[in-house]
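K.L.:
Next come the chains, spelled out residue by residue.
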Amino acid sequence: MTIRHHLSEQLLMGYAAGQLPEAFNLIVATHVSLCDECRARLAALEAVGGALLEEIEEIEMGEAALEAALARIDGLPQATQRAPLKAAGILPAPLADYVGGDLSAVRWKRIGGGVKQAILPTGRDASARLLYIPGGVAVPDHGHRGTELTLVLQGAFADQNDRFGPGDIEIADEDVEHTPVAMAGEACICLAVTDAPLRFRGIIPRLAQPLFRI
Amino acid sequence: MPRKKDRVLGEAQDGTDWAGLMVQVRDRQDRAAFAALFRHFAPRVKAFLMKSGAQASLAEECAQEVMATLWQKAHLFDPARASVATWVFTIARNKRIDALRKARRAEPEELDWGPEPEPDQAEAMEAQEETDRLGRAMAALPEKQRRLIERAYFGDLSHSEIAAETGLPLGTIKSRIRLALDKLRHHMT
Chain A
1 MTIRHHLSEQ LLMGYAAGQL PEAFNLIVAT HVSLCDECRA RLAALEAVGG ALLEEIEEIE
61 MGEAALEAAL ARIDGLPQAT QRAPLKAAGI LPAPLADYVG GDLSAVRWKR IGGGVKQAIL
121 PTGRDASARL LYIPGGVAVP DHGHRGTELT LVLQGAFADQ NDRFGPGDIE IADEDVEHTP
181 VAMAGEACIC LAVTDAPLRF RGIIPRLAQP LFRI
Chain B
215 MPRKKDRVLG EAQDGTDWAG LMVQVRDRQD RAAFAALFRH FAPRVKAFLM KSGAQASLAE
275 ECAQEVMATL WQKAHLFDPA RASVATWVFT IARNKRIDAL RKARRAEPEE LDWGPEPEPD
335 QAEAMEAQEE TDRLGRAMAA LPEKQRRLIE RAYFGDLSHS EIAAETGLPL GTIKSRIRLA
395 LDKLRHHMT
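Taken in order, these protein sequences are the chains called A and B.
The opening position of the first sequence corresponds to residue 1 in the working numbering, with each subsequent residue numbered one higher.
The opening position of the second sequence corresponds to residue 215 in the working numbering, with each subsequent residue numbered one higher.
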């Protein structure tokens, strides 16, 4: 997998610092599972956290804290196996965890034109959904009120500016108005995350929006 | 207990081989090694959690849980990939999300472990030295930049919330953080 479109520094730093909404956390963890380059960049930003922790002005623990800790670990078995967190299917492990399995476990809902979606359960400050777009089919034109991230899991899509294949992540902010079209051939399956409800340009999709929760 | 203000900011650490202690915890369930790690890291984790807005009692309890996780998940510690400080930071960060935000939290897949399971000593040293170098680089940052990095990591605030609180424009915050990270990056391998 050759990944050309990566996570922004702000997103990686947000993940490293533990400041992202749940849905954004999910898409970062999913991309990092696929992308060695972003994994290395994330490790560097986590090392900044480590250095800050080393430099922090410490606050003393309570009097019997160490005794309590030693008593606590007495009852704790140490795990010895490295957790096999590697997913076998199309969906990387963190995403498969939310879906409850691989692609076959996704509960798709049709939203017209052969396009299907499945909303994933996350905190309300941002939303995550899987999109299934048949080859050659356009996703309805929409503008953004917030930030929208789209990670390709299978197939590819292109908009006016660029092409996005497996592992690529598109970062669209409020200024972007685009018409992504799935490339001909295999259906395009993406994880899309937004921190604001999308708004469609046409009157009919706009009316339908509350029903579809896009 | 020595406090940070008693020593020069960014001064080289005392040279304790934290990774070596972690390996003893991992391979021999060494309680003395755990105690040494606890004395060093638990008060730092507590401070980190309190800077994130936790009350002292919750921070103390969470610091206990972070250190218990360090014991339980010792087998996941890879000294070639991260220093102990960095590893503890990620456990504490995760605990903060779990405890303060009560949100579910996705983690990347584990990397496949290579044919050589045990990294050599040089690699382990390298990760520790990187943390030390970063600490010195952090101390050398202009005060305004360093405070923003601290706020971004410890304050549990998004960049726009920092902007609202400090009254600085979001663009200024972002460019200061970027500038600071660029400087720190020179010290990373």
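Be aware that a few hints might be false.
Now the in silico label distances, taken between C-beta atoms and shown as ranges [to be verified]:
1) B:Lys287 to A:Arg110: 38 to 44 Å
2) A:Leu70 to B:Gln269: 36 to 42 Å
3) B:Glu337 to A:Ala158: 40 to 46 Å
4) B:Glu357 to A:Asp125: 49 to 55 Å
Only some residues are given here: those of chain A computed to face chain B with a beta carbon under 10 Å [stated by the list, open to error]:
5) Leu26
6) Gly50
7) Glu57
8) Asp74
9) Leu95
Cut-off 25 Å, straight-line C-alpha distance, at most; resulting in silico cross-link-like pairs (SDA-like, lysine to any residue) [what the hints assert, rightly or not]:
10) B:Lys265 to A:Ala65
11) B:Lys388 to A:His6
12) B:Lys358 to B:Ala336
13) B:Lys388 to A:Lys116
14) B:Lys397 to A:Ile73
15) B:Lys316 to A:Glu170
16) B:Lys316 to A:Asp97
17) A:Lys116 to A:Ala65
18) B:Lys287 to A:Ala44
19) B:Lys287 to A:Arg41
Simulated from the structure, these hints should not be mistaken for laboratory data.
All values derive from a computational prediction rather than experimental measurement.
Heads up, the beta-carbon is just placed ideally off N, CA and C, and yes, glycines get one too.
K.L.:
Could you tell me which of the numbered hints above are not met by this structure, giving the numbers in increasing order?
P.N.:
2, 4, 12, 13, 14, 15, 17
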